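Trainee: The lines below spell out each chain.
Protein chains: 2
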Amino acid sequence: MRCIHCSFEAELDQSLITCPNCGGLLEIRCDPKIDFAFKSARGRGVWRYSPLIPGKYSRVVSLMEGDTPLIDTSSFGGKFMAKFEGANPTGSFKDRGMSVAVSNALTLGYRAVMAASTGNTAASAAAYAARARMRAFIVLPQGKIAMGKLAQAILYGAYVIEVQGSFDQGLETVMSVHRVEDRIYPLNSFNPWRLEGQKTLAFELVESVGVPDAVIVPVGNAGNIYAIWKGFMELKELGLTDRVPKMIGVQAEGASPIAKAVMKGKDVPEFEEFPETVASAIRIGKPVNWLRAMRAIRESRGTAITVSDHEILQAQREMARKEGVGVEPASAAALAGYMKLLESERLSREDLTVGVFTGNALKDPESMMRVNTNRFTVAPSEVLKLVERELS
Amino acid sequence: MRCIHCSFEAELDQSLITCPNCGGLLEIRCDPKIDFAFKSARGRGVWRYSPLIPGKYSRVVSLMEGDTPLIDTSSFGGKFMAKFEGANPTGSFKDRGMSVAVSNALTLGYRAVMAASTGNTAASAAAYAARARMRAFIVLPQGKIAMGKLAQAILYGAYVIEVQGSFDQGLETVMSVHRVEDRIYPLNSFNPWRLEGQKTLAFELVESVGVPDAVIVPVGNAGNIYAIWKGFMELKELGLTDRVPKMIGVQAEGASPIAKAVMKGKDVPEFEEFPETVASAIRIGKPVNWLRAMRAIRESRGTAITVSDHEILQAQREMARKEGVGVEPASAAALAGYMKLLESERLSREDLTVGVFTGNALKDPESMMRVNTNRFTVAPSEVLKLVERELS
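Residue numbers (the working numbering), protein chains in the order written: chain W, 0 to 391; chain S, 0 to 391.
Hints were generated in silico from the structure; no laboratory data involved.
Keep in mind that this is a model prediction, so the values were computed, not measured.
A few of these clues could be false.
Since the list gives no way to pick out one identical chain from another, each pair is judged satisfied if it fits inside one copy or across any two copies.
To be verified - Derived lysine to aspartate or glutamate pairs resembling DMTMM-like cross-links, with alpha carbons at most 25 Å apart:
#: 1; residue 1: Lys78; residue 2: Glu26
#: 2; residue 1: Lys143; residue 2: Glu381
#: 3; residue 1: Lys143; residue 2: Asp34
#: 4; residue 1: Lys38; residue 2: Glu206
#: 5; residue 1: Lys38; residue 2: Asp66
#: 6; residue 1: Lys384; residue 2: Glu161
#: 7; residue 1: Lys259; residue 2: Glu271
#: 8; residue 1: Lys263; residue 2: Glu252
#: 9; residue 1: Lys265; residue 2: Glu298
#: 10; residue 1: Lys235; residue 2: Glu387
#: 11; residue 1: Lys384; residue 2: Asp181
#: 12; residue 1: Lys321; residue 2: Glu161
#: 13; residue 1: Lys55; residue 2: Asp71
#: 14; residue 1: Lys32; residue 2: Glu349
#: 15; residue 1: Lys384; residue 2: Glu180
#: 16; residue 1: Lys265; residue 2: Glu389
#: 17; residue 1: Lys143; residue 2: Glu365
#: 18; residue 1: Lys321; residue 2: Asp66
#: 19; residue 1: Lys384; residue 2: Glu171
#: 20; residue 1: Lys78; residue 2: Asp212
#: 21; residue 1: Lys321; residue 2: Glu8
#: 22; residue 1: Lys259; residue 2: Glu180
#: 23; residue 1: Lys339; residue 2: Glu8
This is chain W alone, in the form it adopts within the complex:
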């Protein structure tokens, strides 16, 4: 393990979360001599790749996360595939990492977990904590959570704390609780064990279509783009692949510290105090994993761009109405980004590009109902007339 800030190094230690030297973010390094081959992998989902997930676990807390559909598209003018993470057990990619991190917490003997969330982390942490018979403390920015996600945290029995403030303030709160309260295991993405689960998305892509030319990832707290890149890097280090895809981050215009820094060629983003976008899952102004994400983007020769809320909602509708895939607004940013990159010729139509569609449309029913549709109320006897009129 190695601190990405002060370069402190340590042997693998499952009890470490942040750097014992400077409090910075730790990176877990995979042994490059692991004996792993796809053709001998067994099982499905995240734990199919257990030789590549460091650590020993007294019990694996799993809901069969991962192994999500990779859906071909034909409507967007290029070779674009949708990795539909909405098919995960709680409806988002968070489940991949939560399975590893909660297994780790259980192994270490914790009986309570905690996470700040824009919603998806809340749902996932609450579900896995329930399965592990642990208590889950969830910190949410009051009034800024999509309805489905809040409802999930409630159903799974989490202890729900709504703070008067932003997600970023919620995350700072969790980090400060973590510094003084060692009975609670923090499940936000500054916890590197979560990223070990999230990286398996890369493994699934390689196993099904090989190494794509580019992977587009919506960026909020910025852990996922790094985790997926890490997965590709590990396969390359193991000699199982010979390259990594360009990693492309997409942020909403109103919450885009990383994309702005990348576009301006800066090394450090300017954080945003009041992030705002319809895509609540990426409404984050101070991404804790900014350094990791910028490294993934730079080293893979990728890029980052911004998309407007209008482009996001349009992409959400197109994905549903042309391809039949229902995604939440933050996920639709991946498609909005793709369209923009095609248009500006930063991606070619021939580049095999995978969009990571991080969460299910059902997470945010209100966003779906904003879309226009034909909708009528009639007596049953009127239906035939209505249909005939429409068909003629």
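Given the structure of chain W, go ahead and fit chain S onto it with the hints provided.
Mentor: Leaving out everything else, chain S in the frame of chain W:
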């Protein structure tokens, strides 16, 4: 193909939906001499079993439906596994059948489809029609649809017709439109091609755990319990298995024509004019597939029972809070039924029992939010104090 009412028989004809002789329901019979072995099956989900799905399709309209998690449980006192159909592309088991039926509609040259729905069929039909570039006319009972499902139909661009009446009236309307309007392909479960997709759930169970002792299925319009039984029967006829599980149907007390008939030993159910239950997906008083379902139950030596709304909501909460699996109320009926059958010793703790959890909790956020949880609103600076109090 064979009519289950008048015994009319015909060669396989993809254009047939109902019996040309009496208008009754048709059964599609699989050739018992098909060359199929699990070990040579390729691909994932429903179409992995394409040799067992009759018909030729000009294009397969698929969102990678099926291949859903089979999740072990440890909280309910017996060997009980959850087949989590909520992981399907639109969040319910309907996607399995919709993929086959919409592929068929496309092959036959239709450009519009229609379905009455309590919600899940609406979402699924709208998504697959969108993917096939067909129009979808959806008939819903006004004000009786879970929010997520209505929102899906809107997002996917369906033509939404809300009727002042029940689901049963909506279905009668679709059947009457079907009789006079041959430009529209009906997608309700009286269409036997849908059931050909739904039966693949049985194949997945056999491939992962063999033939269970019992399979518990929530029963609304009653197509699914028959379709799953049909899948098991076909494997037995092909010599790939040597038995079929007991098929057990669960209905809500307020919408239980089939369960009441089975419990009273009657051959024909008494339909209910005003079905009522919190489990909107099975709020059906006149199940169109009642004869099919009762045959599956009888021939498999299964049974049918009723559960109360209170038992359903309690099972939904237990499934989420003890196992981390989020299901909609209608699905939770499967667990409520299991608990009742264990208690009354109609199932043994040793019987390997699979509950079919038909739809995702996210389909019905309002039902989730009815559950009690600890929920507080505080300033970020108050969080630590709150958590310390709770841990002490």
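Trainee: Kindly indicate which numbered hints from before are broken by the structure, ordering the numbers from low to high.
Mentor: The structure conflicts with hints 1, 3, 10, 14, 16, 21, 22, 23, although it agrees with all the remaining ones.
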